[in-house]
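Modelling step: build the complete structure from the supplied sequences, incorporating the hints.
This is what each chain is made of:
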Amino acid sequence: MKDHLPQSLDEQLASLARDIPPPRNLWPGISRSLREHPRRVRPLALAAAAGIVGACVASALTWAVLHGRPESPAAQSAARAPTFDEPRNPRYMAARDDLELNFRERLALLDPATRARIEASLAVIRRAHEDIRKALASDPASPVLEQLWDSTWHDELDLYDHVVRATQPTMTRT
Amino acid sequence: MGAAAEPAGSAEAAELIAAAAGGDLDAFERLYRHYSPRVYGLCLRLTGQREAAEDCTQESFVAAWRALRSFEQRSLFSTWLHRIAVHTVLARRRGLRIEYEVPEPVSGLPEVADPGSAGPPLDLERAIAGLPEGARHVLVLVGIYGFSHAEAAATLGVAEGTCKAQLHRARGLLAAVLGLEES
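Line order of the protein sequences matches chains S and G. Oh and the first sequence: position 19 is 22 in the working numbering, straight run, nothing missing. Oh and the second sequence: position 126 is 220 in the working numbering, straight run, nothing missing.
Treat the hints with care, since some could be wrong.
What the hints assert, rightly or not - Residues of chain S placed beyond 12 Å of chain G at every Cβ, according to the derived structure:
| # | residue |
| --- | --- |
| 1 | P31 |
| 2 | A97 |
| 3 | I128 |
| 4 | R129 |
To be verified - DEER-style ranges, computed between Cβ atoms:
| # | chain 1 | residue 1 | chain 2 | residue 2 | range |
| --- | --- | --- | --- | --- | --- |
| 5 | S | R136 | G | S242 | 22 to 30 Å |
| 6 | S | E133 | G | A248 | 14 to 22 Å |
| 7 | S | L162 | G | E145 | 42 to 50 Å |
| 8 | S | D134 | G | D118 | 40 to 48 Å |
| 9 | G | A185 | S | P115 | 43 to 51 Å |
| 10 | S | R168 | G | P226 | 52 to 60 Å |
| 11 | S | E122 | G | R127 | 45 to 53 Å |
| 12 | G | A253 | S | A17 | 19 to 27 Å |
| 13 | S | L104 | G | A108 | 29 to 37 Å |
Unchecked claim - Heads up, simulated SDA-like pairs for lysine to any residue below, C-alpha to C-alpha not over 25 Å straight-line:
| # | chain 1 | residue 1 | chain 2 | residue 2 |
| --- | --- | --- | --- | --- |
| 14 | S | K137 | S | W152 |
| 15 | G | K258 | S | S141 |
| 16 | S | K137 | G | A185 |
| 17 | S | K137 | G | A248 |
| 18 | S | K137 | G | L250 |
| 19 | G | K258 | S | S11 |
| 20 | S | K137 | G | E166 |
| 21 | G | K258 | G | D217 |
| 22 | S | K137 | S | T155 |
| 23 | S | K137 | G | S242 |
| 24 | G | K258 | G | I238 |
| 25 | S | K137 | G | Q167 |
| 26 | S | K137 | G | L184 |
| 27 | S | K137 | G | E254 |
| 28 | G | K258 | S | D13 |
| 29 | S | K137 | G | D217 |
| 30 | S | K137 | S | E159 |
Everything labelled a hint here was simulated from the structure, so no lab data went into it. C-beta atoms are modelled at their ideal positions from N, C-alpha and C, and glycine is treated no differently.
This is how it looks when you write it as structure tokens:
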């Protein structure tokens, strides 16, 4: 065998073909799998809807504060309904910023101890989110991480929603 | 890392990736057509088994489709895809407890086309397939597919020093099997 191998090991390794066509067409199986188990699509339309919802919620909350009335059931429902994970989408970010602004306004009305607990919870959620983001960067195919990624976004929005709703009586009394 | 060239330039690749991320299956099929030989080759050499490599290739593209929206184009798509392929192989091995260390002959591996290469490359492929798993994984990633030690270590979940040691071990074993002087 040695007579047939005058090349160095590195040269032989370098000479190996990196591309090896699959012996059969794998696309039909892939395509079938993608059609049978479609990914959860969160299109731009949803982010746009979120932006509208966020603006509506912000307006409703402002109106409620100024007029001393509770926000409408529809607005409350809308605040809870959207869940999305497109943090880089500018429309989503705008909607989220609106919600966070309302959350901050309501949070300021709470006593310091309660406020500190909520801030601590929010910090935990955001740390978890950042950890998961880093993990996803190295393991983007992990369905568990993807689920956790979704979950932390929902947790943050749920926290905003809970605070806003929990402080509603306080707001309407003032 | 040694990446497959992006299809017809980065602009077209970016368009295909963006379209596929938006749900365009035809665009994703074009990406599959371009990248599947490299992914299959990687899976075949990591697993040492044709059927496992086919399964891993399919699973890699399914995983890529599902994760495509999280691809931020800070790295090459091929780099990202190859990392998914390696993770798919490792996850499959953990889940199914496939024994890859049996040094059985590998089918489906090509001869090197270069007539100037003196050695029969299938011997080399068989020798690689017969390496212990850890050594084979590092040799395939670093020695054949051009991962840096840091990339290979991160992808395989081992320390960089372990990666280097495994490569040294793999090279020594290969040289012994093939009757070569280590270069």
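Each hint tested on the structure:
| no. | hint | verdict |
| --- | --- | --- |
| 1 | P31 | violated (10 Å) |
| 2 | A97 | holds (19 Å) |
| 3 | I128 | holds (19 Å) |
| 4 | R129 | holds (18 Å) |
| 5 | R136/S with S242/G: 22 to 30 Å | holds (23 Å) |
| 6 | E133/S with A248/G: 14 to 22 Å | holds (18 Å) |
| 7 | L162/S with E145/G: 42 to 50 Å | holds (48 Å) |
| 8 | D134/S with D118/G: 40 to 48 Å | violated (32 Å) |
| 9 | A185/G with P115/S: 43 to 51 Å | holds (47 Å) |
| 10 | R168/S with P226/G: 52 to 60 Å | holds (59 Å) |
| 11 | E122/S with R127/G: 45 to 53 Å | holds (51 Å) |
| 12 | A253/G with A17/S: 19 to 27 Å | holds (26 Å) |
| 13 | L104/S with A108/G: 29 to 37 Å | holds (35 Å) |
| 14 | K137/S with W152/S | holds (11 Å) |
| 15 | K258/G with S141/S | holds (20 Å) |
| 16 | K137/S with A185/G | holds (19 Å) |
| 17 | K137/S with A248/G | holds (13 Å) |
| 18 | K137/S with L250/G | holds (16 Å) |
| 19 | K258/G with S11/S | holds (19 Å) |
| 20 | K137/S with E166/G | holds (13 Å) |
| 21 | K258/G with D217/G | holds (24 Å) |
| 22 | K137/S with T155/S | holds (14 Å) |
| 23 | K137/S with S242/G | holds (20 Å) |
| 24 | K258/G with I238/G | holds (14 Å) |
| 25 | K137/S with Q167/G | holds (15 Å) |
| 26 | K137/S with L184/G | holds (20 Å) |
| 27 | K137/S with E254/G | holds (19 Å) |
| 28 | K258/G with D13/S | holds (15 Å) |
| 29 | K137/S with D217/G | violated (41 Å) |
| 30 | K137/S with E159/S | holds (18 Å) |
Hint compliance for this structure: hints 1, 8, 29 are not met, and every other hint is.
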